[in-house]
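Colleague: If you read the sequences in order, they're chains A and Z.
Going by numbering that gives the first Met the number 0, the final residue of the first sequence carries number 77, and the count climbs one at a time with no gaps.
Going by numbering that gives the first Met the number 0, the final residue of the second sequence carries number 264, and the count climbs one at a time with no gaps.
Just so you know, these hints were derived from the structure itself, not from any lab.
Be a bit skeptical, because a hint or two may be false.
To be verified - Result set (SDA-like, lysine to any residue): computed pairs, CA atoms no more than 25 angstroms apart in a straight line:
id	chain 1	residue 1	chain 2	residue 2
1	Z	Lys153	A	Gln21
2	Z	Lys156	A	Ala63
3	Z	Lys156	A	Gly20
4	Z	Lys156	A	Gln21
5	Z	Lys156	A	Gly22
6	Z	Lys69	Z	Phe54
7	Z	Lys153	Z	Asn142
8	Z	Lys153	A	Val70
As the structure is a prediction and not an experimental result, all values here were calculated from the model.
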Amino acid sequence: MAGDQKPPSAGGPGDYPSGAGQGWTALSYLIGGMLVWGFIGWLVDHWLDTGGIATGIGVVLGMAGGIILVVRRLGTPT
Amino acid sequence: MFGQANVLAQGQAEFPPSVSDFYLPSILPWGAENSFWFTKITAMVWIAVGILIIFFLASYRNPQLVPTKKQWFAESIYGFVRNNIAVDMIGHAGVRFAPYFTTLFCFILLTNFFAIVPFFQISPNSHIAFPALLAAITYVMFNYVGIRHHGFVKYFKNSLVPPAPWYILPLLIPIEFFSTFLVRPFSLAVRLFANMFAGHMLLLVFTLGGFAMISANAWLAPVSVLSWVMTIALTFLEFLVIVLQAYVFTVLTASYVQGALAEEH
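Full structure from sequences and hints, please.
Modeller: Shown next as structure tokens:
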């Protein structure tokens, strides 16, 4: 095909790193972790009237979970 | 469009621009209030679809071994998406997704590009409906492909249960569910929409701001000119964003399909 003859890095958007998908995945794990467990903590807060402590614990747990997920899912070379 | 130009010339344009500037007047019925069935946005989407169909049909109607210019262009786009997106992200199994990815890439690229084409000057993708539908197609596609490849139970086990000791799984599975099945379509749609929305808004602010200043006080004319120069510079920035967002949307779709097809981690 005619397009095949171009050198692989001809400039333009093709130079965007192909690991872009992994980057977004990592970001969504880190943010998602905080949001999910923060939300669960917030629910627990409202349930038990703990005044924000459960939300804090949830956010920290979620951060830890997000980091574990990034390491486990994306850390090992394929 | 020409009404817009008149308004600008008379210095009546509202400043600052607002969301209502994205809701263009109805074309059919002409000028009707609060009728959004056929507006400039609708027309642009159909024009984009028409251009793409005609272009690809015409450039492949009479294929040559030594490609003509048009054929070379069409083949370059397809080759770029197939080799640099589909095969790069998914591998050999990606070739069968290349036609859809090419359609997706071209459609987003063209509809985004309307944002800086004179007289079009707004992208349909600055209305969230269009990115949302495209993201929904991606969402259905990667789930369907994954379920068909792995079977229902194995697919969800693959995508929800990370390789980790059992005692932290309760912590991880909700995060996996959230980031794979809830955030993905949302972020895909919002990323494209917000980029096109913000781009159009920026151009509006700098163009209308120039008019607002020059009609408020003639001494501000140099600042107005500066503002319009900024508009031109931002148009080039817009072009970068347009190409990048079309590329990112396609790459992320490919990456989700790849994730759905991946074997156990």
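Colleague: Which of the numbered hints are not met once you compare them with the structure shown?
Modeller: none
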